[in-house]
Structures are given as structure tokens and as C-alpha cells.
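Colleague: Listed here are the chains, written in short residue letters.
Protein chains: 2
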Amino acid sequence: MAVDEKVERIEARKSENFSEWYTQVLIRTGFVDYSEVSGCIVFKPPAYFAWQTIMNAIDAEFKEVGIEDTYFPLLIPEKLLAKESEHFEGFIPEVAWVTETGKTKLDERLAIRPTSETIMYRSFSKWIRSWRDLPLRYNQWNNVLRWEFKHPTPLIRSREFLWNEGHSVFATEEEAIAERDQVIGIYLKILKEYFAVPGIVGRKSNNEKFAGAVASYSVEHVMPDGWALQGPDHHYDGRNFSEAFDIKFLDKEGKMVYAYQNTFAISSRELAVLVATHGDDRGLVMPPKLAYVQIVIVPIYKKDNKDRIDLFAKKVYEQLKKHFRVKLDDRDGYSPGYKYNDWEMKGVPVRLEIGEKDIANDSVMSVRRDTGEKAPIKASEVEHEIRSMMTAIHNNLYNKAAEFLKSHVHRAHTYDDFKMILEEKKGIITAPWCEGRECEVRIKEETGAKITNIPVEQGKFADRCIYCGKKATCEANFARSY
Amino acid sequence: MAVDEKVERIEARKSENFSEWYTQVLIRTGFVDYSEVSGCIVFKPPAYFAWQTIMNAIDAEFKEVGIEDTYFPLLIPEKLLAKESEHFEGFIPEVAWVTETGKTKLDERLAIRPTSETIMYRSFSKWIRSWRDLPLRYNQWNNVLRWEFKHPTPLIRSREFLWNEGHSVFATEEEAIAERDQVIGIYLKILKEYFAVPGIVGRKSNNEKFAGAVASYSVEHVMPDGWALQGPDHHYDGRNFSEAFDIKFLDKEGKMVYAYQNTFAISSRELAVLVATHGDDRGLVMPPKLAYVQIVIVPIYKKDNKDRIDLFAKKVYEQLKKHFRVKLDDRDGYSPGYKYNDWEMKGVPVRLEIGEKDIANDSVMSVRRDTGEKAPIKASEVEHEIRSMMTAIHNNLYNKAAEFLKSHVHRAHTYDDFKMILEEKKGIITAPWCEGRECEVRIKEETGAKITNIPVEQGKFADRCIYCGKKATCEANFARSY
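Keeping their order, the protein sequence lines are chains A and B.
Okay, so the first sequence: first residue is 1459 according to my numbering, each after it adds one.
Okay, so the second sequence: first residue is 1459 according to my numbering, each after it adds one.
Bound conformation, chain A alone (with noise of 0.2 Å):
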């Protein structure tokens, strides 16, 4: 039977509409869907593949350094909610309700978790005696939901979203601030070794930091339209949340005493940056750890030697089977050329094209999609080469996301260079800063950038603050942000 070859496409330029190519390359390429309710959206099988990828590379790093996981509900009783009135504030505006079950209304409001806090807080308050209960690092992986009335964007801004939670209880400062590296460290090795994708790591201005939190650090990346979007987080507490939960413990002297407690966080938000790094204008291009297929092999037919391609191309598969996560693409009735321009939209890394000639130099094409390069590859050496062209291909999308990145992060020495910049080449402006909150506020309202984080490496700054000229006392990042 005769097959429609209409053949999906991306419409959109990543260079000249990016929104748009975004939108396009995320439904087109099956990576995820709208769905009934707005603002939440279906995470078809290879976004949720990568989604657990991540899930399961940063869970086996954190049990490596003793924290554990855990499931606390969904639910959480207003009252509870309120505990921490910074925190509350935070979130209220954003707080999806329950007000009936059955056919029954409830006589307390309960929130659907935007996050875990103060139900976790609780129970620890709970199970906390001793020093000798401490440290207490319990993780969860769930979904939170956060009613923004921004207009969502997949992946971007998703109301309910995908994400890690970790919560932590320290007998002392120094402790819990000491995790703060350790926790970001895991989350830059992930980014690095699994979605290629760097970040610039830094502190919070205490105007940008999270409800509750007393320090809060980010990793920030630059999209490919020069806007910041913030990656995973990690929060320093202080005691807010112990003197509100009660979180008390009997120290080695005797004495009850507040713990000190960080919150951390990587969300399927990470999600979108892979896909707006790499993608590129014929669609999603996936590192290979985080390809729902890696290898796609497509037979080449000619008349009558369909049985001999087939039997060369199953003996392929079957050999990369056992290493990698390969298709073969025999589907009847489809053209060589559409079967390329689907998978190549679907980001595969590694195309095997089988015809005639091959067969006949015992060889298989292989096309890379970060590259187009093509070279003939020995049927005998297979598995070696391809294992090399995947590390390749993850090192050359890294590489590139980190010039890319490099080439996007400017310095500001005035006020009207600084509002150029961000007019003409976008991305992140590094610029010094008084640390006066009245100076972040009025830059942010006369340019619409805010400080994205102050970055942990600070460079030699000039001494006067970009916006007041008087002392600065760091070097903060500035961008436009998602």
C-alpha cells in the first residue's frame, strides 16, 4: 500500500525566530506534547527516557555521597503552608488548591506541593532527637506544580514539572555550606557528561533568591536567543526553616539547639537547554547518553536485493544491539530520503546507511547528525568505531555549547556600553556592582535585565558599580532571563 510521505519538517530558524523553532522542534520531533490542561504538558518517550537518564545518573551521585531518598505526599495543608511566612509568600500566588474530594468540601485547603519543604520540615521535626540523627539528607524525584500565569512554555515554564528535591539537616553551619559544592559539583558533572551542556556557577543576589533561603547558588546557562535561563540550584537556609518547623537537637554538649538546613534542586527544565543548545535547524541533535535511539540504520533497496540488504543490515543491528540503543528502520513503502529527514529531526546521532556498494566493500555509511560528516565504516569494526564517533560526537556538541556559551558572557565597564551590549549581542553581562539593592532594581526596570548570580570566580573588576559609581564590591552577572 502506497504511504503519505508528507514529510514534517521545521519551519522556523533557530537563528532568526528561536521561540518559535523552539515550539517546532519540541511537538514535531515527538519530544514532548500540549496537553488538555494549559500550561502542563506530555513528556513523549524519548523526553521522559532522558528525563530518567538524568534521574538515574544523579541518584546513583547522590547515594555515592549518603543522600537518601524518600516520598513525601502530594498534598499539603494550608496552615502547614503558612509556617514560614517568606516562604509562603513566595509561593502562594502560584498555589494550585484542593478544595473538594468526592462530594465533600474539606475544611482546610490543601495545596498541591509547588514544593516540599514545610511537609518535610515537619516530619523531621519529628525524627530529629540527637547529633547522633545528624547529618539527615533525604532527596525526593516527584512533580511539583506551580500555577504561573506567565505565558507557559513548554519545558520553560511548565506549571507542573518534573524535578529532584533534596533536603538536608546539618549539625553546623560549616557543614551544611560545605555540601554546597559537593551538590553543585554533582549536578556540573551531570550537565557536562550527559546533556554536554556547561553553566556558570555563582550566588544569588539577595533580591533573586529563593523564599526562605539565606544564600542561594545557581548554575546559569545562555540560550540561543542570549537569554539566561537558571539550571539546578542549591540553598543555603541558615535556621528559617528549623526555628519555624522546630527542628531542634540535643548537641554533643547537651544543649537543645536549631539544625542549619539546605534545599536543592535539578528540574526537567534542565530539559529544554539540551534541546536548545544542540537542536539546529532540521531539528533536535541528542548527545548520545540522553538518545532515546542512538544509531538508526536504514537499508537501501534496489530491485531484487532487498532479501541480501536485509539480511546485512539485521546482522548489523544485531551486533550493536548489545551496546547501544538501535533501530532499524525497514518500514515498507518509505523512501531512503524520508527515513533520513525523520530520524534526523528526532536528533539521532549516528545514521547507518546499507546499499549495494556497501554490502559489496563489507562496510556500512555512517552519517553523524551533530556534523553531516559521512565515512565508510568496516562491518568488522562496528562497534569500536561507533563507540569512538559517539564520544565524539558528545565532546564536539560540549565544545561547542561552551564556545557558544564563552562568546555570550561580556563585560560592562559603563552603564551605556553595558545597555548596548544587551541590546545588540544579548547573553550575559558581567559588570561591578555596589551590592545596593536599589541599583539591581532600577537596571532591571530601565533594561529588563536582573542579576542572574554572582559568579563564584570573580575576575579583576573595575571599582566603581555600573549603575551608581560608587565602591563596587563584586562582579555580578547580568541578563535578560526565562
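Check the hints yourself; a few may be wrong.
Note: identical chains are not told apart, hence a pair may lie in one copy or across any two.
[Unchecked claim] Lysine-lysine pairs mimicking DSS-like chemistry, simulated, CA-CA at most 30 Å apart:
no., residue 1, residue 2
1, K1667, K1929
2, K1780, K1902
3, K1650, K1667
4, K1713, K1785
These are calculated hints, taken from the structure and not from any lab test.
Here the structure is a predicted model, which is why all the values come from computation and not from measurement.
Go by the hints and put chain B onto chain A.
Modeller: Chain B in isolation, oriented as in the chain A frame:
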């Protein structure tokens, strides 16, 4: 500093007061805990670890047979939930409704998913166009909420629980039905290999089947108190949902036809079976594969030998750590007896005691949690020996569970027999049945026993229905059931 050696103990007897024993074991051993929301529990690390292990094991099996993971939204618009009326009627009394977000009243109520047929099938109807898109076999691992108004019991009847929900679509009825053995086979395999628990496979009566299904199959367990508890299930939904949700496809002959569907699930309720089946009066007994800690090493100090004991214990620990989840309990100030009790309660499969005599013999003393057997193991053979011991423990637990199940399935020949067995022996009663709804309903009213399932393996049965005396068409299993 002196330690308060107040010993937590399980005070209830499993054989005398199962329900009190059950909650004491769950709560006092730190497996789960109550939360601030009635009917919703906290999975502490040992419980979540077991769930995560099961999830990964089943997921690998699913992937192997072509079942793919997705993630669909938590919230379902009321209109969508109401599309299949039988299904809707079944779930409506238990639905938690979101009616407000932030400070805004919603126009339409949103249900927290009690199950995801309706939101998934809406997407399926968009995605499925032709026979080439089938089979589509999607799964998700998520949390669901069913606001039961009966007295909640942790894990057994929790308002929020974790599960897999598989939803597959086939072109033909034959393919749909053929999936059942595959999926039930996977569940049984994991039950046997991880939970060390058997079950009885059978078809649900029409009265007891899933709301919306044509035929439901379940795995049934018997709990220590003789009540049945339903395990994983697989439902053939025919075209009930495909017609309601317009899941049509162009078949090979070019006709638009409705698809055939299945759903299947295993839930965190299964952890209740795990705990109840293997536990004893001293607490949890964990099968090795699901044990959060598999081996605990307890050093026994005498005056002046602490350094030597610690050195030896540390060596054994390092050796085992590569292969097992092992804990070296070198906590200061706790007696060995306290530690034994603590880890026994938590169900750790193997304890290794290391004292002066053991060092002298270059060995460790092993104690099995399941049997209490003590045996010295040469230090050089510890890895190998413990590996065999773990297999032996697993097999012993499975065999005991299978023996218990066997001894709790009875055959009744008359209705008087039936009632007598139900009162005195409890468990499952296999009895001939005419498949009439009225007999089923009357039996339930009169005895409290419902049909758990109609076993796939039908023995020879008497030719008269146990209730009405008319011709029996099958042999069904009856039990009082959770």
C-alpha cells in the same frame, strides 16, 4: 556521653493482632511514617528504596518487550474525566478536586488523577492515525490520589500511592489479549525474584472488574490474617475507551476502525504484602534484593581491643561494600545487644558479629535474620559465602510464603462448609459457581466474602453452584478482602 538505650520494640504479635503488628512494624522500624494529611504517608528511605528497585526491575522488563515510558499531567479537566461514563462513575466518589489556583477560581474543576486513562487517551486519539502507529504501548510511573473515605491503613489503603500505569493500544483484539500473559508474567517474575512472594492469577468477576474494562485479570495474595489483598492487574478494555475517546486508525485495508486497548498496574500497595508476608514478631524481614541494608557488621569490643576489632571490621566492610549494601555499626555507646535488636527490627538479612574470638580465627560470625542460624565464615570466603546465604534467604522466604499461600486456599463443597471455613480457617475458598451475579452478591452480603478472582488454572470442580445449586460453570476464589 551516655546513650539512652531505650529500645523500640514490636509489642504486638503477628498471629494475635495482625493489624496492630502491621502498623507497629511499618512505623517503628522506620519504613514509612504518617503525615499531616490523613491517609497519605511518607516513604522513608528503606521503603522508597524497595519501590525504586522494583520500579527499575519492572521498567527494564517493560523496555525489553517494547513498553515505553511517558509522563502525562497530574491534573485532568472534569469534562475529560467524564467522557467514559462507567469509568467516571467508578472514580468520581474518590476524586480530589482543584478548584482554585493562586487567588483565582477556576472555570472548570480539575481532578487530581485517580488513574490516567482519560488524559492519556485524549492524546492517543491525536497521535494514532494508521496501523503503522500500532501497537502503541505506553507506561508511566507516577503518583495517583484516591480519596477513600474508609479508614486508611498505610500502604494497604493510602489515599496517595505510587504505581505504574500501562496503557496499550492494538490493532486487533488478539494482540491486545495476548499482551496479558506477557505483562502478568513480568509482574509474577518480579514478585518471585524481588518480593519473594507468590500470587494466584485469575479473572475478575464482572461485578469486581475495573470500571471500564471488558475483562480484568489480577494477582491475588493472602495476608497473614487470612484476608485477601489484590496485587497487580491487567485489564482488557476492548473498544470501550477507543470509542469514547475516538481512537481510530486506518487499517491495512484502508478502513477507519477503532483500536483495542489494555491497561495494567502494580502499585506501592505491594510493599504491604512484602512487609506482612515476611515480617515476624521482632519486626521486618527483608528479602535481600529489596533490603536497604543487606548486611550489618557489629563489632564487639572488650577492654583494650577496640582498635584491633575496628581494623578487622573495617577490612571486612571494605571487602563487602563492593558487592552488597553493607553497614558497619560502630556507633559509640550502644551495646551489641541494642544494635542486634535495632537491625533485626529493620529486617537486615545478615548480621556479622566480630569479636575477639572471631579475629583469632580469622573469621566472622554470621546470623541470618530469617532463621536465626549462626555460622562462622572464614574472612577469606566472606563474599562468596554471603552471596550463597542471600540466595538461601531469598529462597527460604519464597518457599515459606508459597507454603503459607497453599495452606490458605481451601476447597468448599457446600455452602455450610464455605461459611465454616471462612470463619475458622480464613484465607481463600475455592468453590464452584454458576457465574450468576445474584449468587455472588448474596454470598458477599451473607459472609463478607467477595470473589477475588476466577483462577486461570481451573481444577476439576463439582457441577453445582455452591449458592444456588444450579449448574456451575467455573470454580471461583472467594475471600474477605482488603
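Colleague: Given identical chains, is K1780 near K1902, meaning Cα to Cα at most 30 Å, within a copy, between copies, both, or neither?
Modeller: neither (53 Å within a copy, 53 Å between copies)
Colleague: Given identical chains, is K1650 near K1667, meaning Cα to Cα at most 30 Å, within a copy, between copies, both, or neither?
Modeller: within (25 Å within a copy, 49 Å between copies)
Colleague: How do K1667 and K1929 come out at 30 Å by Cα distance, when the copy is not named: within, between, both, or neither?
Modeller: within (23 Å within a copy, 74 Å between copies)
Colleague: At most 30 Å between alpha carbons: which applies to K1713 and K1785, within, between, both or neither?
Modeller: Answer is between; shortest inter-copy Cα gap is 29 Å, intra-copy 63 Å.
Hint compliance for this structure: hint 2 alone is broken.
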